[in-house]
Structures are given as C-alpha cells and as structure tokens.
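**Q** Okay, here's what each chain looks like letter by letter:
2 protein chains.
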Amino acid sequence: MPDAKLMQVLRIHAGRLVGDGLPLPDVQAAESRLQSWEEWFDFWAARGAAYEALGDDALAAGHRLTAGRLFWFGSMAYHYAQFLWWQDPERKTSGQREKVHLYDRAAPLLRPPARRFAVPVNGMEVPGFLRLPEGPGPHPCVILLGGLESTKEESLLFEELCLERGLATCAFDGPGQGEFMVQSPLRPDFERFTSAVVDFLLDEPAIAGDRIGVLGRSLGGYYAARSAASDERLRACGVWGAFFDLSFFDDLSPSAAAGFAYVAGYPDPAAARDFLQRSIDLSDVAAQLRCPTYVLHGGADDLIPVAQVDRLRDALPSDADVVWDIPPEGNHCCHNLHHLVRPRMADWLVDRLTS
Amino acid sequence: MPDAKLMQVLRIHAGRLVGDGLPLPDVQAAESRLQSWEEWFDFWAARGAAYEALGDDALAAGHRLTAGRLFWFGSMAYHYAQFLWWQDPERKTSGQREKVHLYDRAAPLLRPPARRFAVPVNGMEVPGFLRLPEGPGPHPCVILLGGLESTKEESLLFEELCLERGLATCAFDGPGQGEFMVQSPLRPDFERFTSAVVDFLLDEPAIAGDRIGVLGRSLGGYYAARSAASDERLRACGVWGAFFDLSFFDDLSPSAAAGFAYVAGYPDPAAARDFLQRSIDLSDVAAQLRCPTYVLHGGADDLIPVAQVDRLRDALPSDADVVWDIPPEGNHCCHNLHHLVRPRMADWLVDRLTS
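Those protein sequence lines, which keep their order, are chains A and B. With my numbering, the residue at position 186 of the first sequence is 449, and numbering never jumps. With my numbering, the residue at position 122 of the second sequence is 385, and numbering never jumps.
Just chain A, same shape as in the assembly:
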C-alpha cells in the first residue's frame, strides 16, 4: 500500500500526468510498484534514462519521429521525477537538467520542430522554444507560460492542439521556472520577461505581430493575466487556472508552501511569506486587462481555491471581455477534463487571434 504522500500525488495528479503526455503504462506502474514517495524520483529518472536509450535506438534506425517522441517521453519522465521534490534541491536540479537535455534532443525531431531561442533581459537569457504551424505565414502565435512546477517542456501536447489549428506556439521559462531558475528565482515583474519575448516575436518574420496572445497555467494563469494587463501588444489572454493573489498562502499544503519558498529562493515558507504575498498580487494591474480573456478554473480545484475566481472577477474592468469556464467537477486546472478543456481553449485562442 503506497504511503499517504504518494497516494495524494497520484490522486491529485494522475489526469495531469497523462494529460501532459506521460504514457499511462508508466503511471500505472508507478501506482502498482511504488510503496513510498521516497521511491518517486528514482522510478521516473530510470524511466527517463530508458526512454533516452530507446530514442537512441530509434534514431540509429532512422526513425526520427519515433525518436523525437521517445526523447520527449524521457524529458517528461525526468520532469515528473523532480516534480514536487523540493526537499532535495540537488536532485531536483539534476532532474531539471536531464529534462532540458532530452527536450533539446527531441526538439529538432518533433513535427513541426521546436526551435530554441534565447532572449536577453538585463544580462540574463530567457530560454524558450518556437514552433510554427504548416503553411505560409505570418502566423498568429500564443505565448505559453508554465506555473510553479510546470515548464516549457510540458506544454507539448497543448502546443500541438494549437499548431494543428494554425497557431504558432512560443513557450518559455521565466523567473523561478525550469532551467531559468538558475538565472533568476521568482520575481514580482514576470511581465517584463513576457514583454521581452513579445519583442523577440515582433522581429520574427514568420509571426504576425498584431496577433500574439498569451496563456498560462496554474500560477502561470496569474503571469498571463499580469502580462496581458501590462502589455497591450497581447491581443488575447488565457487564464488556465484563475490566480489573483496569494491571500490563501496560510492555507497552502506544506508541499505547495515549500514549493513557493523554493522558487522564490527562500529557505522556508515562513521566511518567504511576505515576499511572495507582495510579489504575487494582480491588484495593481487588473483594471488594465482589456484584451479578450478566457478564464478556466476547476470548481473542485483543491490547490487554488475557487474564491480566486471571484477576486479576479471583482478586479477586472466592468466591461472586460471575459469567458468564464468553471466546470464544477474540474480539479486543479481541470486536468481531469484535459481532453475537453484543452481543445476548447485552443479553439478560443484561434478564434480570437485569427478573426
């Protein structure tokens, strides 16, 4: 019988793991074989290494599409190895590194390929990937933001929903996220990094500069709203998880609180509390969010309280153009409804950015 932490992660996150692309057989193996959360990292890291070896075999045989998918499975396996592994920064960092390495190997083999870019901001370099749909450009484009514990490598399946609908995708890691964490922990001005990426896209001939949107998930929902409110070049905003502020900080699970402290670069939640509550608050810009906005939030989200939806609604301009999509049975980010809500958001983005 798995221990409580492991049961909790599997219960909360199974829809997410599979929705984000981890093969179900691996998730089932984790469920049936692991006894304790302590085994989690090693299990997934071993899967990651196995996928890299299989990807090498496929590449050697000239099976590029298969190799790309296998390297990406490996990248996801390492991502989920380090997932929530706040207590061991050294291994967490090693998982991030392997995730990035395997995504880099997958990137040119994907169809369409993912092109790595680096955007300079104040001496730092923001890393991301651009993917273009088929056909002649310039293409509309959506910037994709991760959250507390999701990164640019994890958005691949959502990217493919966008790409097959004619929308380019641009996923990057900002402060406190993924491989950018070593350059910068969480900051109160995430929107500066999004805007730098918009600058980059405006120089990109394949992208239609007047049809750029942004979408972020979980804490990224906050970053997306903040970015769109701050930069009017963003013409549509997807809030995949309403996140207005950290007024619920004291109600966070110990794991989530540890995660926020970790990405903020603080030793523990108590030390990080003030900084985080000051840094994550949409009050100062919410009234400026005027582009078409889509808010998806699970009515049964037990990570971000549904009261955050009301805080967001109350702070937006009264004439804001917002679709509120709050399925009562949806869990965190509606990952348990991933096959329904993700195409729906992609369609909404396409409608807003191509009409």
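If you're looking for bench data, these hints aren't it; they were derived computationally from the structure. Treat each hint with caution, since some may be false.
[Claimed, not checked] So the derived list for chain A, only partly shown, Cβ under 10 Å to chain B, looks like this:
(1) Gly278
(2) Pro286
(3) Leu287
(4) Ala324
(5) Arg332
(6) Ser516
(7) Ser518
(8) Asn599
Bear in mind the structure is a predicted one, so any value in this text is a computation, not a measurement. We put the beta carbon where it would ideally sit given N, CA and C, even for glycine.
With the hints as your guide, set chain B onto chain A.
**A** Below, chain B without anything else, positioned relative to chain A:
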C-alpha cells in the same frame, strides 16, 4: 467494490481502452463509479451520447477539428459500450450502429479525412475507410484488420502513426466484424475480402499498387497472415498478436468463447466449436507466407497463449523474413506497452513499404 467481471475487464483492458483513444478520465470514472458489469453498457452509451452533443456544439461554433475528435470519442464510447456484450445481441447491435454513425460524422472532420468506401464481394458490400497522408502520391498503404472485437473505427490512433510517417491507411470490417456482421458472420475465407480490398486499392490513383501491406490485431493477426500468404500483392504483413489456430478453444474464458460463437452466428460455444476450429487454422497456407512479416505478441498474453507463437514459427517457411517481437511483460497485443510497440510497428511497415 466492482464485481469480478468488471474488475477483470478493467484489469485486462485498461491499457487498450486508453491506447485506442478513450479519454483516461472516462476510464477512471468507470473504475470509480461502476459497481457491476451490468452497468457497463449504459455508462459508455451515455458517454457516447454526451460526446455527440459536445461535437454538435463544436461543429456549430465552426470548430471542425474539435468536433471530429468529439464525434470519434463518442464512436469509441459506443464501441466500448457494446464491447464483450455478447449476452444481449439487441443492445450490442445498437452500440455497433451508434459507433458507426458517429464515426461517419467524424470521418470528414478528421485530419486527414477518412473517406468511406464500399467494395462489392459476391453481392455483399465490404465497408471501409481510406486515409491519405499529406503530400503528393501515389502513397504506400497498409490495410488494417480488426479482430474478434475490434473494428475499423478503433484503429484511428494507429492510422495516425502511419499517416504521419507517410503511409496511407485502409481499414475495413470483414466477416463477423463490426457493421459487416449483419451481412456476414465469420467465414473461413477472410482472405477473399482482403483481396477484394486490394483490388479496390489498385484502382485508386493515390495508392502505389506495388507497396501495399496488411496488419491485423488479435484475431486480425490470423487474418493478416492468412491474407498475406494468399495474395502475393501484399508486400508486408504485420501480425499484431500471433494467432495460428483455435487449438486452445477449450481453454478460452467463457466470455471469449461466447464471443467466438456470436461472431460465427452460432447459439453457443459448444455448437460453434467444430466450425470455428475448421475455419481458423493457418496450416493450409502458412508455408506460402513469404513477404516480410512482423510478429508482435505479448509474452504475458492471457487471451492468446504464447504457444501460438511457436505454432506460427514452426509452420512458416524456414527462410521466411520475420521479425519476432515478444516483450515478456506484454499483455494481449501488448496494449500495456502501446506507446512503445505501436510506433515500432508503424516504423517497420514504413521501412518495408517505402524502401
């Protein structure tokens, strides 16, 4: 606590349901909500109806790709409603009918679209779907065969593995399968129907007539080997589940035995036994199987005994060009390894049919 039959179906088939495209959240809902096998049909039929309604909404909004996927989810939900439902022919037939109806609605919305065809054979009409990859033809093509309880609608995800690798796909229902069951129960000469479909493909300008292969799963593995041994126009053969004969008929589970009797048009397994053992036997043609062949079989298959692999091996020509892929941990058709074995078979087909 679900009853034994329900537990058994979920245990054996979870990898298959998701591997074939049923959304995991639906499979999880079946696991958590159903108490008894008696509830199975209604649960999935309700999902099917719900997906059709969602598909209608998407279509009305102009979201064709989304609508196509939703209609196909609905088709799959009806397919799994009637899955193994031998005891109630009336409802089983209604599930088949709804499956076909929803796949027909999905077909033109898929990318690439699936084009329905009907091939005349002795006054009957063999129904199938042809899908073409992108780019200029003529394209190599694989004919896809279902088995005892899989049909042309269920191969969509495997088709997409082929299509993205440049291989056209042609899935049809033969005797005893899907919508063709009302025209003909199981017959000893399945290969005649495959050959009629080859005739059809040879008249199709988009298809390269000298690069046609065949692949069948489960009982379809038998049909594929039988077809390839009997028609030298088939240049590659995928046996997804080695199935040589029904020498293990007396060891079948009651459900599987009932299924074989059902598709053969007999009232019960005892009455069907002789006909089935005479009709499903590769002995007479195995020595003629000379095209490149790929045999995938789960070493832990508890539906088709692994001894069938040996029977097949012993009966093939000594110089047969065969890849034997028998993962020890693989269950029936290696559905528990679907993310690994399916791309591998698709790559093999592409290599054999395009070199």
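**Q** Each of the hints needs a verdict: does it hold here or not?
**A** Hints, verified against the model:
no.	hint	in the structure
1	Gly278	holds (6 Å)
2	Pro286	holds (4 Å)
3	Leu287	holds (5 Å)
4	Ala324	holds (7 Å)
5	Arg332	holds (7 Å)
6	Ser516	violated (22 Å)
7	Ser518	violated (23 Å)
8	Asn599	holds (5 Å)
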